[in-house]
Amino acid sequence: GAGVSQTPSNKVTEKGKYVELRCDPISGHTALYWYRQSLGQGPEFLIYFQGTGAADDSGLPNDRFFAVRPEGSVSTLKIQRTERGDSAVYLCASSLMSTGELFFGEGSRLTVL
Amino acid sequence: DAKTTQPNSMESNEEEPVHLPCNHSTISGTDYIHWYRQLPSQGPEYVIHGLTSNVNNRMASLAIAEDRKSSTLILHRATLRDAAVYYCILRTRATDKLIFGTGTRLQVFP
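Going line by line, the protein sequences match chains A and B. If you're matching positions, the first sequence starts at 8 in the numbering used here and goes up one per residue. If you're matching positions, the second sequence starts at 743 in the numbering used here and goes up one per residue.
Heads up, some of the hints might be wrong.
[Claimed, not checked] Across the chosen pairs, the derived CB separations fall in these ranges: (1) B:761 with A:65: 29 to 37 Å; (2) B:823 with A:108: 33 to 41 Å; (3) B:784 with A:79: 22 to 30 Å; (4) A:10 with B:798: 41 to 49 Å; (5) A:48 with B:765: 18 to 26 Å; (6) B:852 with A:47: 19 to 27 Å; (7) B:750 with A:15: 29 to 37 Å; (8) A:106 with B:801: 18 to 26 Å; (9) B:844 with A:83: 47 to 55 Å.
Treat the hints as calculated values from the structure; they're not laboratory data. Source: prediction; values computed, not measured. Virtual Cβ for every residue (Gly too), placed ideally from N, Cα, C.
Turn these sequences into a full structure, and let the hints steer you where they fit.
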């Protein structure tokens, strides 16, 4: 596809369940970012990959959150034992290089009941 | 990370110019000034960025104060499609992540 693709677009789950959110970056983009956005707030940085490795995971709120990018392309954000406070839109972005323009997907809206 | 300050909201009429201000008094010499905007129900999109000199592109112009402690994003003729939240962000070479604030919500009236 031409842009960053995120699936699912909407996910409703129950408290305590495990969730995976997927991001397909633009082909050839080496840098990949995860953000989350609560209503009325700006996007909050979670983690950044350069290639396969997490270059900066300082934004992950706790050890229930984990992200992987095993082949340097698709990334998965994994949330264990979900809590109601995890409800947000999770945004993925990619860029050609780490200092380039970020291209964002439309996000995955997570609702934890 | 150096912080930016923006008004919470601004209003404009269609086809009028819009000047969106941003203060960044603690900016360092290596910080680039980036602007992104977020339309309703979409992810943010890049608008423009600059270091010291004013910049123009097809979307907007960026005017940077001589002391770099403030900047202004200029939309030359606002359209209804420009209604969005506009984020002013400082991006340092030392880090590759963008740190978003709460931005300025721009309303455009017909």
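Evaluation of the provided hints:
The given range of 29 to 37 Å is respected by residue 761 of chain B and residue 65 of chain A, whose C-beta atoms sit roughly 34 Å from each other. At roughly 20 Å, the beta carbons of residue 823 of chain B and residue 108 of chain A sit outside the given window of 33 to 41 Å. For residue 784 of chain B paired with residue 79 of chain A, a C-beta distance near 26 Å keeps the hint of 22 to 30 Å intact. In this structure the hint that residue 10 of chain A and residue 798 of chain B lie 41 to 49 Å apart at CB is violated, the actual value being about 25 Å.
Range check, residue 48 of chain A to residue 765 of chain B: Cβ separation about 20 Å, and the 18 to 26 Å hint holds. At roughly 25 Å, the beta carbons of residue 852 of chain B and residue 47 of chain A sit within the given window of 19 to 27 Å. For the hinted restraint 29 to 37 Å between residue 750 of chain B and residue 15 of chain A, the CB-CB distance of approximately 32 Å keeps it satisfied. The hinted range of 18 to 26 Å is satisfied by residue 106 of chain A and residue 801 of chain B, whose Cβ atoms lie roughly 20 Å apart.
Remark: the range hint 47 to 55 Å for residue 844 of chain B to residue 83 of chain A is contradicted by a beta-carbon distance near 29 Å.
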